[in-house]
Amino acid sequence: MTRKILIVEDQADLRKLVRMTLEYGDVEIHEAADGQSGLHKARELRPDIVLLDVMMPGELDGFQVCERIKSDKLLAGVHVVLLTARGQQTDLDQGARAGCDAYLVKPFSPLELIDKVDELTRRMVA
Amino acid sequence: MSTALARFLDALGDEILLLTGEGRVRFANRAARELPGIAAGVPVPWPEILRHVEGVAHGYARPPITASLDGEGGAHRTATLLDGFAGQDLLLVLHDDVEAAAYRNVTENLFQFLRTELHASFDALATSAEVVAKALPVTQDGETLHEIVTTARARAAELETRLEKLTLLGDLVSHDRLQTDERIVLSELIAQAWARVSPIAQAADVRLSTVGVSEALPPVYGSDAWLTRALAELLENAVRASGRKTQVEVDAHQESRYVHLTVRDFGHSPVPRRHGRAYLPFVTALEPESAKPPSKAPPAPKPKAGLGVGLALVERVLELHGGHLRVGDPHDDCTAFVMELPTGAPHAAVPGVQLEQAQRYAVDMAALLARQQAAKAVAR
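Chains as they are written, first to last, in the numbering used here: chain A, 32 to 157; chain B, 1380 to 1759.
For reference, chain B alone in the conformation it holds in the complex:
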């Protein structure tokens, strides 16, 4: 095995073992070397895995094979046996389910805390500040105080919005798939999403222009509310990044079994080299102040860096629809984010006739057969 591949495997969190055709350890990555009983040249310590290895060797089974391994202290791992890199070798990947579940629980608890403990407080703060701002007389003396309260109200509302995004992201963490099958026409989706951002777009005098948006585009299936939220997030970012009296462009077209919705702005581009991290929660795509080259030109107004939750939210929504978010080809004059969504309805998770349909047939089967026989008799 090459040093580069060994380093790559060492960097992974899951335990990975390269086994000979007899189930002996040929290589174990850093995580796997910490497991008891793992040493080069000795058989793996799990009889069930050895049975599967033997089955593969004799041609009774073929990788990929998945098995559950229960260990000491409630440890539980999902083991996946795959074809190795060469010859009869096999690759064994162990995923610690308990650790993953614990991480998921902690994350869910955090988001629950944010939702229940903080959201109401910020909401109350924003409402109170609004009431105070309205109640204060705008006099020569009171003007400063009025401004302070108005600013406080705006900050509270901003915090509330950011918290809402965080809790939305939290809602999506525990989903494997959004169980909705609404038929979504893309022209309507774009109109709905633009309507959500129209207050800030109007304030900045930013217009929407569309390319390729027509009824001929195939529909997508999923959650109308979540996809509208995701597209609105991209549009809002684009509007905020655009200068006054500019435009945001949405380009829609079909690529095989996907539709691509490209949102372009012609304003302050996030620095492309940071794009790859932009989908991670709490990472912002905007370049830090100190990293920018000095310029003699007067500084343009900069968009404020957010928490970095928005793109993570969009990415998660798209993932749950079987799609992706990616950065469009970089250009000097614009920034583009592309939403890729599969066309048509999702493939059935379990192939075969749905239970309700099978039951409906079972109920009417006798009557069906009788009717078919009667029809045949008439035909004779």
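For reference, chain A alone in the conformation it holds in the complex:
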């Protein structure tokens, strides 16, 4: 099964690192550099998993993109992992309200990232 993953992150180098981490096996990876284009690509590509940075410049931040993905019936079943810089309880609560499936606190380990993506993949298959 080909996993389709969308990385929405404003830092180009971090996008590369995440791509490098996940780019093995049967996977198709797409990237977006801000919330607006991330939402656009999510609607266009309907990925299995969206890795979504919380703090992004521009009109939509990660929480808002997550809310819009989760409230879009056409994107039902898309899993969202928030990449948050702080991991404070208020952020986690906000992420839960936005409907995210999981979150990773920066700086995150690449192994954690793989585990999280694998876990969500297993959930999709089940």
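What the hints contain is simulated information worked out from the structure, not anything from laboratory work.
With a cut-off of at most 30 Å between alpha-carbon atoms, the simulated BS3-like pairs for lysine-lysine come out as follows:
1) B/1755 - A/147
2) A/101 - A/35
3) A/104 - A/72
4) A/104 - A/35
5) A/137 - A/72
6) B/1755 - A/72
7) B/1755 - A/47
8) A/147 - A/137
9) A/147 - A/35
10) A/137 - A/47
11) B/1755 - A/35
12) A/72 - A/47
13) A/47 - A/101
14) A/101 - A/72
15) B/1755 - A/137
We have chain A; now place chain B onto it with these hints.
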């Protein structure tokens, strides 16, 4: 060069030189003419700048180029070489860092003095006056004295508030950016700021009405406390300028990558022509008494002119968030101040992966590669 442009450059504090493509002085503004070795037609006296000029001439470098110049007596300038107004000309801007640092130190010391030496005194005065006012019996004879003490207490509290604004402004002078990244929802920001001014709003029976405030507005990132303080300052001004039983309006909307928060009052408008100076510390936007045209109508109660620190404080807070404060379009019936704030998180000061994230990857790199190889082997 036109006379108007020469006059404009002469009016600037930084030293500005227009150079030929070979580094000879074509024009020097008033500040630059006071530097030793500067004369029309001769090369600038700084070998480093000449090297950069030569580099530009040969296509090895492109403006803008920044360099540091150390001079006699510890003088230190930041030199910026820019494209000139025409042809191969270059513009050299010299900024005196020592003078700027000295000015900043003096300013910081002043604010420190205000904070440590005066704030406690006014605080003690206000507290003492309050104690005395409470202790005084309100009798027929003592009523006047009671009023005097109560007024003194109010004045001391007013001075304390103004001093607090001054010290807050002082706190912000030395910042280049507020290092906070709190996520701020605008509807909550407005509610918090209004809550701060609600005692004076209730006393004046002034209501808040909002336009366009919804959860759909994008959040801003920054300091919740400072932005609440800034918006409360505008709301307080608006409430004070409004008549009794009126309203203050906050209009929120998005313009591209900015949100605009417009605070409108329908009371005594500061005279628009003074608005441009209103953001300067110690300049008040209110028109001086003598400049107002005579009127036969009975005078309306006037808001008191403050120190002129409030708007400067708001402007500085917004600057530190990458935003602006501006005066809204003037209308006969209202005054409007607009807070413009960039939406979303600030762009990273240094692009690239943060150090901690890179280190985390480095620690787990071997394990990552092993896991990826194992996964590939399974796939084969």
